[in-house]
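S.K.: Protein chains in written order, with this note's numbering: chain D, 5 to 300; chain H, 5 to 300.
Each hint should be verified, as a subset may be incorrect.
If chains are identical, the list can't say which one is meant, so a pair holds when it fits in one copy or spans any two.
[What the hints assert, rightly or not] Within a straight-line C-alpha distance of at most 27 Å, the following computed BS3-like cross-link-like pairs (lysine-lysine) qualify:
(1) K203 / K147
(2) K122 / K141
(3) K253 / K72
(4) K293 / K33
(5) K170 / K212
(6) K7 / K33
(7) K154 / K141
(8) K154 / K170
(9) K7 / K293
(10) K293 / K147
(11) K203 / K135
(12) K253 / K216
(13) K216 / K154
(14) K122 / K202
(15) K203 / K253
(16) K293 / K135
Hints were generated in silico from the structure; no laboratory data involved.
There are 2 protein chains.
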Amino acid sequence: MGKLVECVPNFSEGRRPEVIAAIAGEVEKVEGVTLLNVNSDASHNRTVVTFVGEPQAAKLAALNACAKAAELINMEQHHGEHPRIGATDVIPFIPVSEITMEECVQLANELGQEIAGKLNIPVYMYEAAAKTPARVKLPDVRKGEYEGLKTAIAAPERHPDYGPAKMHPTAGATVVGARQFLIAYNINLSTSDVNIAKKIASTIREAKGGFKYCRAMGVMIEDRNMAQVTINMVDYTGTPLHRVFETVKSEAARYGVNVIGSEIVGMVPLQALIDTADFYLRFEGFDRKQVLEENI
Amino acid sequence: MGKLVECVPNFSEGRRPEVIAAIAGEVEKVEGVTLLNVNSDASHNRTVVTFVGEPQAAKLAALNACAKAAELINMEQHHGEHPRIGATDVIPFIPVSEITMEECVQLANELGQEIAGKLNIPVYMYEAAAKTPARVKLPDVRKGEYEGLKTAIAAPERHPDYGPAKMHPTAGATVVGARQFLIAYNINLSTSDVNIAKKIASTIREAKGGFKYCRAMGVMIEDRNMAQVTINMVDYTGTPLHRVFETVKSEAARYGVNVIGSEIVGMVPLQALIDTADFYLRFEGFDRKQVLEENI
Numbered sequence: 005m006g007k008l009v010e011c012v013p014n015f016s017e018g019r020r021p022e023v024i025a026a027i028a029g030e031v032e033k034v035e036g037v038t039l040l041n042v043n044s045d046a047s048h049n050r051t052v053v054t055f056v057g058e059p060q061a062a063k064l065a066a067l068n069a070c071a072k073a074a075e076l077i078n079m080e081q082h083h084g085e086h087p088r089i090g091a092t093d094v095i096p097f098i099p100v101s102e103i104t105m106e107e108c109v110q111l112a113n114e115l116g117q118e119i120a121g122k123l124n125i126p127v128y129m130y131e132a133a134a135k136t137p138a139r140v141k142l143p144d145v146r147k148g149e150y151e152g153l154k155t156a157i158a159a160p161e162r163h164p165d166y167g168p169a170k171m172h173p174t175a176g177a178t179v180v181g182a183r184q185f186l187i188a189y190n191i192n193l194s195t196s197d198v199n200i201a202k203k204i205a206s207t208i209r210e211a212k213g214g215f216k217y218c219r220a221m222g223v224m225i226e227d228r229n230m231a232q233v234t235i236n237m238v239d240y241t242g243t244p245l246h247r248v249f250e251t252v253k254s255e256a257a258r259y260g261v262n263v264i265g266s267e268i269v270g271m272v273p274l275q276a277l278i279d280t281a282d283f284y285l286r287f288e289g290f291d292r293k294q295v296l297e298e299n300i
Numbered sequence: 005m006g007k008l009v010e011c012v013p014n015f016s017e018g019r020r021p022e023v024i025a026a027i028a029g030e031v032e033k034v035e036g037v038t039l040l041n042v043n044s045d046a047s048h049n050r051t052v053v054t055f056v057g058e059p060q061a062a063k064l065a066a067l068n069a070c071a072k073a074a075e076l077i078n079m080e081q082h083h084g085e086h087p088r089i090g091a092t093d094v095i096p097f098i099p100v101s102e103i104t105m106e107e108c109v110q111l112a113n114e115l116g117q118e119i120a121g122k123l124n125i126p127v128y129m130y131e132a133a134a135k136t137p138a139r140v141k142l143p144d145v146r147k148g149e150y151e152g153l154k155t156a157i158a159a160p161e162r163h164p165d166y167g168p169a170k171m172h173p174t175a176g177a178t179v180v181g182a183r184q185f186l187i188a189y190n191i192n193l194s195t196s197d198v199n200i201a202k203k204i205a206s207t208i209r210e211a212k213g214g215f216k217y218c219r220a221m222g223v224m225i226e227d228r229n230m231a232q233v234t235i236n237m238v239d240y241t242g243t244p245l246h247r248v249f250e251t252v253k254s255e256a257a258r259y260g261v262n263v264i265g266s267e268i269v270g271m272v273p274l275q276a277l278i279d280t281a282d283f284y285l286r287f288e289g290f291d292r293k294q295v296l297e298e299n300i
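Chain D on its own, in the form it takes in the complex (with noise of 0.2 Å):
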């Protein structure tokens, strides 16, 4: 099916239907681009939006829908729950298929120049894309937010990566990044004790010694009366979903308890899939396009 980008930039509206659907529409009419999903919280006052495309087709969506938003929505006038610095508050590239990160992330730099260059926005490079560590993670780029971001920006150590060292009158500033598809996935146990789902889950997640790219809580699902162990995948490529769900089935034979079952949540990119099939059944030599599906 050739280069593909999946792109999920997030606007800071959630309320007006005309606004969304304007930004919205900047990208469905983009040739080669498909839109997946729009989603809009009111109370976070921000719209979250999911498209697939030619890189440089999903680029151009990204651009007009960021132009779009800076027209719309005025920074000074907006208020919500959820932590942002412009109208568009961040745009990451996510690789899905036939394309490497390193070309997310050199699509990620070019959208970046453009913003700054045409729309006159400071732009921040975060994630896979950052330029420093400090700007690696979007709480750090974000600190501040909107608001104490207009003052803080002129200290050289926030000026942004593309375009000038002070805030857009109404669109602010924009983070732009490349990451890898994140996966939410559920594995259900065979209790109804959640301290040994919270047990298993720090054994998985990073912060505990566990997988580096798997985050990773217990809860209970109160309905069924069942333990689950609620993970986020955030880089499938580095961390397989075949080793967290081995890992999980392991330590939770450990306390007399079963796996039953697993759940996607959303999305799963096919290669995700591939590589569980290509690891269980032990594959030599596996090819993405020997699936008759690739191949039209």
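Position chain H relative to chain D; hints supplied.
M.R.: Relative to the frame of chain D, chain H by itself:
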């Protein structure tokens, strides 16, 4: 991606490139169809064309290719090692996505009627589209080949399902039907004793009390000094990959032998890999639409 069917017509010409190109060209020029492969064998004097497409487009491509073969191939002058009864020898439809076997049977019947009505070629329906048990297997339908069928066709039990009970003077007769996708699958063993592979193969194949949709043999891979179970999975929806893999692993262990790997030879439908991940990760309620690429 919508309803998708694969079609793998076999033509009785494997030597004249211009004839092969003309037949494949008829497929290629139909909108909504993707030509995947053209495989010609000179000693068989036969060409296998593989394409996928939307059902009605695939049917049109098959009809046009069949008409072109009837125009350019004269069975009176055809010689080759492979059994055959007509210029277009056999046309199977194979469900790929969002289409049932019943719909493929219906499509095959429509094509059979069109070939009979428009080209005046007698048509036999086989496999899932067979009208009687005696016509399920291709060798049974092809009995006597082109030369023998010229007289045999007059007997009521050999009358075609559609069209005249008389061979087309140059194009002969054609077999049309529907079957499942065939996955060629090898499982490699940590032994150089081919007898172990042969014993394992006999436990999984239908003929010896094994899996209904499994053909298997034990062979020696000389250049790796390794025994292999080589398998044709003739219906992965009835006998899935994981079940065959796990059974071979378990039977091999009985001889102190391990499975060191497995290979998919050629194409595999995406669904077979999803089914594999679903089994091993014990998915609850996974929907194919959750595969990101399926939404594009």
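S.K.: None of the hints should be skipped; say for each whether it holds.
M.R.: Hints, one by one, checked against the model:
When the C-alpha separation of K203 and K147 is checked against a cutoff of 27 Å, the pair qualifies neither within a copy, at 32 Å, nor between copies, at 67 Å. Taking CA atoms no more than 27 Å apart as the test, K122 paired with K141 passes inside one copy only; the shortest distance there is 26 Å, against 67 Å between copies. For the identical chains of this complex, K253 and K72 are neighbours neither inside a copy (48 Å) nor across copies (58 Å), given an alpha-carbon limit of 27 Å. In the homo-oligomer, the alpha carbons of K293 and K33 lie at most 27 Å apart only across protomers (23 Å), although the nearest pairing inside one protomer, at 30 Å, exceeds that limit.
In this assembly of identical chains, the alpha carbons of K170 and K212 never lie at most 27 Å apart, being 40 Å within a copy and 78 Å across copies at closest. In this homomeric assembly, K7 and K33 come within 27 Å of each other (Cα to Cα) both inside a single copy, at 20 Å, and across copies, at 25 Å. Proximity of K154 to K141 under the C-alpha cut-off of 27 Å is restricted to the intra-copy arrangement: shortest distance 20 Å within a copy versus 77 Å between copies. Proximity of K154 to K170 under the C-alpha cut-off of 27 Å is restricted to the intra-copy arrangement: shortest distance 7 Å within a copy versus 88 Å between copies.
In this assembly of identical chains, K7 and K293 lie within 27 Å of each other by CA distance both inside one copy and across copies; the values are 13 Å within and 20 Å between. For the identical chains of this complex, K293 and K147 are neighbours neither inside a copy (44 Å) nor across copies (37 Å), given an alpha-carbon limit of 27 Å. Taking identical chains as interchangeable, the C-alpha atoms of K203 and K135 are never at most 27 Å apart, the minima being 37 Å within one chain and 60 Å between chains. For a Cα distance limit of 27 Å, the shortest separation of K253 from K216 inside one copy, 19 Å, qualifies, whereas the shortest one across copies, 32 Å, does not.
Proximity of K216 to K154 under the C-alpha cut-off of 27 Å is found in neither arrangement, the shortest distances being 35 Å within a copy and 71 Å between copies. Taking the closest pair of Cα atoms, K122 and K202 never come within 27 Å of each other, the shortest separation being 49 Å inside a single copy and 69 Å across copies. Taking the closest pair of Cα atoms, K203 and K253 come within 27 Å of each other only inside a single copy of the chain (13 Å); across copies the shortest separation is 33 Å, beyond that limit. In this homomeric assembly, K293 and K135 never come within 27 Å of each other (Cα to Cα): the closest approach is 35 Å inside a single copy and 36 Å across copies.
In the structure shown, a violation is registered for the earlier hints numbered 1, 3, 5, 10, 11, 13, 14 and 16, in ascending order.
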